[in-house]
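S.K.: Quick note: the sequence shown uses my numbering, first residue 1, plus one each step.
Heads up, some of the hints might be wrong.
Listed next, with one range per pair, are the computed distances between beta-carbon atoms [said to hold, decoys possible]:
#1 P81 <-> G59: 16 to 26 Å
#2 P5 <-> L36: 47 to 57 Å
#3 H61 <-> Q83: 50 to 60 Å
Just so you know, these hints were derived from the structure itself, not from any lab.
For glycine and all other residues, C-beta sits at the position ideal for the given N, C-alpha and C.
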Amino acid sequence: MAEAPLPRVAAPAVTTMPSADRSSFIVRALPLWLMLGCFLALSLVYNAVVPLGEGPDEGGHFDYVLFLARAGRLPVQARTPEQQSDVPGEGHQPPLAYL
Numbered sequence: 001m002a003e004a005p006l007p008r009v010a011a012p013a014v015t016t017m018p019s020a021d022r023s024s025f026i027v028r029a030l031p032l033w034l035m036l037g038c039f040l041a042l043s044l045v046y047n048a049v050v051p052l053g054e055g056p057d058e059g060g061h062f063d064y065v066l067f068l069a070r071a072g073r074l075p076v077q078a079r080t081p082e083q084q085s086d087v088p089g090e091g092h093q094p095p096l097a098y099l
């Protein structure tokens, strides 16, 4: 018994972006790429100029991470000036940045 031939399926059409649309996309994306490039350049310069561990608030962030690792909980903030916070300085930071 002969099998029926399979129907032919047309190959999907390959579409390319017209050059006018492509140049419009590049012009619209250019400010984003410039901002990203400036951010990267400033980050690299800052990392080269400021020694590791010498940033203005780096010690506070390190203390926060150390508290999370040792206590296994979020730091408690002081409600009044007389009370002592678990992590003075950077203890108010949102925890997701450290996890």
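S.K.: The structure should be examined with respect to each hint, and the outcome stated for every one.
M.R.: Okay, the hints, checked on the actual structure:
In this structure the hint that P81 and G59 lie 16 to 26 Å apart at CB holds, the actual value being about 22 Å. A C-beta distance of roughly 54 Å is found between P5 and L36, which places it inside the suggested range of 47 to 57 Å. Checked against the hint of 50 to 60 Å, the pair H61 and Q83 fails, with Cβ atoms roughly 22 Å apart.
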